Structures are given as C-alpha cells and as structure tokens.
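Undergrad: Okay, here's what each chain looks like letter by letter:
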Amino acid sequence: MFGYILKRIGVAFLTILLIMVITFLLMNAIPGSPFLTEKSTPEMIARANAKYGLDKPLIVQLGNYILNYLKGDLGTSLKMQEGTAVTKIIFQEGKFALSFRLGVCAVIVAVIIGIPLGCLAAYNRGKWIDSVLRVITTLGVAVPSFVLCALLLIFLGVKLNWVPVISGSLGTFKSYIAPVLGLSFYPMCYIAKLTRTSMLDAINQDYIRTARAKGLKTRVIIFKHALRNSMIPVITYLGPMTAGIVTGGFVVEQTFQIPGLGKYFISSILNRDYPIIMATTVVLATLVILMNLVVDIAYKLVDPRISLTKKGEN
Amino acid sequence: MESKKLLEIKDLKVSFYTPAGEVKAVDGISYDLNEHEVMGIVGESGSGKSVEAYSIIGLLQDPGKVIGGSIRFDGEDILAYTPDQMRQFRGNKVSMIFQNPMTCLNPVYTIGDQLMEALTCHNKNVSKKEAWDRAVEMLELVGINNAEKRMKQYPHEFSGGMRQRAMIAMALICSPKLLIADEPTTALDVTIQAQILELMKDIQKKTGMAIVFITHNLGVVAEVCDRVSVMYAGHIVEQGSVSDIFYRPAHPYTKGLLRSMPRVDELEHERLIPIEGTPVDLLDPPAGCAFGPRCEHCMKVCLKKPRPLWRWETTAILRPAGCT
Chain A
635 MFGYILKRIG
645 VAFLTILLIM
655 VITFLLMNAI
665 PGSPFLTEKS
675 TPEMIARANA
685 KYGLDKPLIV
695 QLGNYILNYL
705 KGDLGTSLKM
715 QEGTAVTKII
725 FQEGKFALSF
735 RLGVCAVIVA
745 VIIGIPLGCL
755 AAYNRGKWID
765 SVLRVITTLG
775 VAVPSFVLCA
785 LLLIFLGVKL
795 NWVPVISGSL
805 GTFKSYIAPV
815 LGLSFYPMCY
825 IAKLTRTSML
835 DAINQDYIRT
845 ARAKGLKTRV
855 IIFKHALRNS
865 MIPVITYLGP
875 MTAGIVTGGF
885 VVEQTFQIPG
895 LGKYFISSIL
905 NRDYPIIMAT
915 TVVLATLVIL
925 MNLVVDIAYK
935 LVDPRISLTK
945 KGEN
Chain P
1048 MESKKLLEIK
1058 DLKVSFYTPA
1068 GEVKAVDGIS
1078 YDLNEHEVMG
1088 IVGESGSGKS
1098 VEAYSIIGLL
1108 QDPGKVIGGS
1118 IRFDGEDILA
1128 YTPDQMRQFR
1138 GNKVSMIFQN
1148 PMTCLNPVYT
1158 IGDQLMEALT
1168 CHNKNVSKKE
1178 AWDRAVEMLE
1188 LVGINNAEKR
1198 MKQYPHEFSG
1208 GMRQRAMIAM
1218 ALICSPKLLI
1228 ADEPTTALDV
1238 TIQAQILELM
1248 KDIQKKTGMA
1258 IVFITHNLGV
1268 VAEVCDRVSV
1278 MYAGHIVEQG
1288 SVSDIFYRPA
1298 HPYTKGLLRS
1308 MPRVDELEHE
1318 RLIPIEGTPV
1328 DLLDPPAGCA
1338 FGPRCEHCMK
1348 VCLKKPRPLW
1358 RWETTAILRP
1368 AGCT
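Sequence lines, in order, name chains A and P.
So the first sequence is numbered by the working numbering: it starts at 635 and just counts up by one.
So the second sequence is numbered by the working numbering: it starts at 1048 and just counts up by one.
Please keep in mind that the hints were generated in silico from the structure rather than gathered at the bench.
Because the structure is a prediction, the values reported are computed rather than measured.
Beta carbons: idealized from backbone N, C-alpha and C, even for Gly.
Warning: the hint list may mix true and false statements.
Said to hold, decoys possible - What follows is a set of in silico ranges between Cβ atoms, one per label pair, in the way DEER data are often shown: (1) A/Phe857 to P/Glu1317: 56 to 66 Å; (2) A/Tyr638 to P/Gln1135: 25 to 35 Å; (3) P/Asp1328 to A/Thr772: 35 to 45 Å.
What the hints assert, rightly or not - Calculated from the model, a selection of chain P residues having no Cβ within reach of chain A, i.e. all distances over 10 Å: (4) Asp1058; (5) Lys1060; (6) Glu1091; (7) Gly1115; (8) Gly1122; (9) Pro1154; (10) Glu1164; (11) Arg1181; (12) Asn1192; (13) His1263; (14) Gly1303; (15) Val1311; (16) His1316; (17) Pro1340.
For reference, chain A alone in the conformation it holds in the complex:
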C-alpha cells in the first residue's frame, strides 16, 4: 500500500510536469502580451518583456519556470497585481480558500441530495416519482450554469429578497445559499442520474434477492446492499468533479461576485498574466490527480474485490 502510494506520487509528479509543458506552450500560442495596452509603445513592451524574462526563447522560459517551480516559486503576477508573488495571491489572499469553501459545500450538497434522489428514482422505477425526478435531473444537466445562476439571483435575491445579491467573501450563512445551489445543481442531478442507473443494475442482482429472502427491510436492502454496489460510477465521477468544483466555478463566482479562484483564473487568461495561468492550472491539475488517487483508494474501500496493486496481491 505504501509503495503503491509512493509510485502514484511519482507518476503524479511527472503528470504535473507534462501539464505544465502543454499549458505553457498553449498559453504562449495565444497572441497578445500582458503588457499590451492602448498607451504602451513597442519599447515599453520590450522593456517589460526583458524585465520578466519573456524575451528569452520559449524553451529557456519553460526551463526556468520548471526550475523555479521545483524551488516552490510560482513566479510573480505580471499584470493583475503586478509584482506580487503568485503563491501569495492564490493561497494567502484567500482566493483558493474561498473557492474551496464554496466548492466543498457544493460537493456535500450534491452528494447528500443526489444519491438519495437516485435511489428513490431507481426504487420507484416507472412510477410518477421517477418521471418527475427524471425531468428535474435532465433539466439540471441540460440548463447552462449561467441561466440557473441568473434565475437564482433574480428569484432568491431580488424577488424574494432571501439572500444577498452579492455574496462577496461569504461572510454570512445566507450568502452561501445561492452560490452553493448554483454550483451544486448540475453535479447533484448528474449524481442522481448515475445513482439511478447503477442502482437499477444492482437491485436486479441475485444478492438483492437473497437479501429480500432473508427478510431484511427495504431500507436496509436499498441503502446497505444495493447502494454500496452501485457507488463505483458515482465515485468515478465525484473525483474529477470535486477537483473542478473546489477550484471555483467561474460562472457562479462571476454571477454572485465572489472573488474566488475561478473568477481569477479567467481574468488571468484574458490579461495574459502567464504566471497566474500556469499556477491556477497546476493547482487544478494537482487537485485532479489527488482526487484520482482518493477515488482509487475509495474503490478499494467500497469493493473489496478491487485490488489497487497487481492482480492477485492485495
């Protein structure tokens, strides 16, 4: 197990390096410069490029970036907060923490509501409750996030005046409600759909018939025997989804005016603030890789037949 995790960390490290290279090349393929404004002259741009080492060949820039990364230095912002260290912007100014807090709440809501809804739909397959849930979950998966967030803003914020229109840095409980709903609705519906499908498969298995023959209560059969067997697809989805959500939903952060990482990431691309693009991508990639490791370990916890290491060993 320990060796396995070490191996995974090594692979993760290589993956992150690869992601850096790709992001770096893609980022530099976008035309424009962080220093390009209406007032800037070519000389000013050249001077700034020289200051931040952007005049060097790409391969040298990349090499420098990776070397600095290994030392724990993610560079300084070129434009948005010129001169400030990127690590400070992301971690100390609370951007990541804000997105993380919101994201964790959204994931919890999505799981706690999505899974039981899926069970309910599967258990009542073909009945009205299943049809109602199918409509809701399909809507949830289909409706774009900006439409949902705008609706939430209008109804909860403006019409009913239950929640603040601007959530800001999430100081109060109320300010969480709308963004969490907006962020969790899609994954909740998706989880409900996944759960329903794999639950239907599970409840037709022979061991469910055995459980019924034992005289267990329906609740126990569904939530103990069937649910655990139908969790694999949900866990698979949960991993990357969690990584994506906790690093910030751009639309949600934009709509509710939350100064989180998601919003910052998009602004950094628009501003060509290269170190920030790199840093946010690396943070997201690290989280995705980490979550994948968590997912693989969770598989093993849910299903004892799954072996993490080679076939036959446990």
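Once you have looked at the hints, place chain P on chain A.
TA: Same frame as chain A, now just chain P:
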C-alpha cells in the same frame, strides 16, 4: 406416523402480466407438505417450479401476481399477510437458497456480516457477540473449516461449493421450519453437487425441517426427496412418493422424463428417448391437456377438454385419471 401439515397450497394460480398478455406461469396447483418432509418439485425450464416457490416466500416480482388459490403455512394464510408480516416471515420461518451461489452473496460484505445480519434482522435483542457465535456455529454445521477466519472473508475468497454452504448456513441461521431450495446444485460441478446434497440430507435429519426441493435433475430427487411433484406448464401433472414416481410413473410426461434420463443399469450405446416437441406457449395455453400436443398417447378428447381431475389411488399418491 401421523405428522402435522406445515404447508398447504390449494389451487394456486400465478400470472405474469406482460405487454404481450397474461402468462399463466402457475395454473392451479395444490399440494400439502408435512413437517420434516422433503418434497421434490421437478419439471423443465419454464414449467413454473420457481415461480411457485417464490410465491410461497413472497418474492414474486412485478409483473408476477398470485391471482387465485391459497397458501397456508402452519395454519396461517400467508397471502393475507401485510408486507411487514411477510418480511418477518421470510428468512425466519421459511428461508430460501438459490441456484447460483456465485452471485447470490453480496460481494462487498463479509460472509460473517451477511450471516449475522440474517439473524439480527429477525431477533433485535441478539447481541453482536451472540450473533457472531451463532454464525460461526452455523458455518461449522455446514462443514466450513476455520469458521472464525472465514467469517471475516468476502464471498470472492470462497469457492462455489463453499458459497453454497455459506448460503445454506445463512438460510438456516434462524432455524426455519421450511427451506425452499431452488436448484441449489445446478450451478455446481458434480462432485460438489454430491457434497451439497449430502450436507442437505444430513442437516435435514439433524434439524428436522421440511424442504421444498426444486430441481430438474431426477437423480437429485431420488437422492433427497420423500415425495415428488412433477410440474409441466404450470400444472402438477403427477405427484407421489419417490418410489411411485420412479417405478410406477403414471403420467406420460413423467414416463417421458424418466426415459430421457441415462441409467447406470442400462446397456451401453442404448439411445435415450427424448420427449418430442417443445413446451406449450403459456401466453396461449391449449384448451385441453397442456401436454397433449407432445403426448404419444394423445386422444381427441385430450385436446378439447381440460385435463381430467385428480384421482386418489392410495392415501399418499395422486394420479391423473383418464390418461393412464
């Protein structure tokens, strides 16, 4: 020896309502089962054996429905049970083992957990320790060595025969009065089959429970059963003691079944005689005897009138009249 009637089934009818129409899977069967008795139910696939068993234990799934008749267990009408009463009845007074032990145990829980659960769901005041001890005791009873260690293992660490043993242990943990065994040996290889049959016979002697043994293997019937019901197309076509069925079969279908089975005492290279034709379409059963179209003794009357009623020959044997 006069024994008490444990299970009385009268004119039981089970239908499946499919989009294509009503399928009469079980069409009016009756039998009694005494305490400590082993009843074999034989018949080919689709003859209604399993459906009949599922309706006893209340495991019929939609679109299957009991549409007529009665099932009395220990004098109580179990078709009148509420779902909750039925749940308490299942596993406690009647339990069931199934055909494929490879898939019948939940792969994500330990054997011990599944065994203990079968006990604790009917006896709320059993402590965890007592449940554990009882489960170990049951595993030992069914011949699983190293039971303490085996309790902590998962089904995939058990072989097929071992899993069926564990299933039997689980079914018997509440000491039910009746065990329904739905082709318990079909999915096992022959040597393991023999072991499981031996085990079931042994346990039946020790505990004295009654067994309804569903199988399509006549050899198995001869091995373990006291009485046999032969089912065809949702009807019991013949019922009698094992020796009656094997030595004095009366119904052409039973005779056909016996002729299609290889025998040790027969000459080598002798051809087996199959029953010609295929089972009837239960969506549209014939007006007369269901076996009529395949019967070598079929007469005009057989195809027109419903199958003649039972006639008692001796107190213990049911024989169909008319076609003997």
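Undergrad: It remains to establish, for every hint, whether it holds in the given structure.
TA: Evaluated hints:
1. A/Phe857 to P/Glu1317: 56 to 66 Å: Distance hint for A/Phe857, P/Glu1317 holds at roughly 58 Å.
2. A/Tyr638 to P/Gln1135: 25 to 35 Å: Cβ of A/Tyr638 to Cβ of P/Gln1135: about 46 Å, so the range 25 to 35 Å is violated.
3. P/Asp1328 to A/Thr772: 35 to 45 Å: Hint holds: Cβ distance 39 Å, inside 35 to 45 Å.
4. Asp1058: Holds, since 25 Å exceeds 10 Å.
5. Lys1060: Answer for P/Lys1060: holds, closest chain A Cβ roughly 22 Å.
6. Glu1091: holds, 22 Å
7. Gly1115: Label holds. Min Cβ-Cβ 24 Å, cutoff 10 Å.
8. Gly1122: holds, 20 Å
9. Pro1154: violated, 6 Å
10. Glu1164: Check fails; 7 Å does not lie beyond 10 Å.
11. Arg1181: Consistent with the label, P/Arg1181 stays out of reach of chain A, its closest Cβ about 14 Å off (over 10 Å).
12. Asn1192: Non-interface label on P/Asn1192 holds, nearest chain A Cβ at 21 Å vs cutoff 10 Å.
13. His1263: P/His1263 is indeed farther than 10 Å from all Cβ atoms of chain A, at 19 Å.
14. Gly1303: holds, 32 Å
15. Val1311: It holds; P/Val1311 is separated from chain A by about 34 Å at its closest Cβ, greater than 10 Å.
16. His1316: It holds; P/His1316 is separated from chain A by about 40 Å at its closest Cβ, greater than 10 Å.
17. Pro1340: holds, 34 Å
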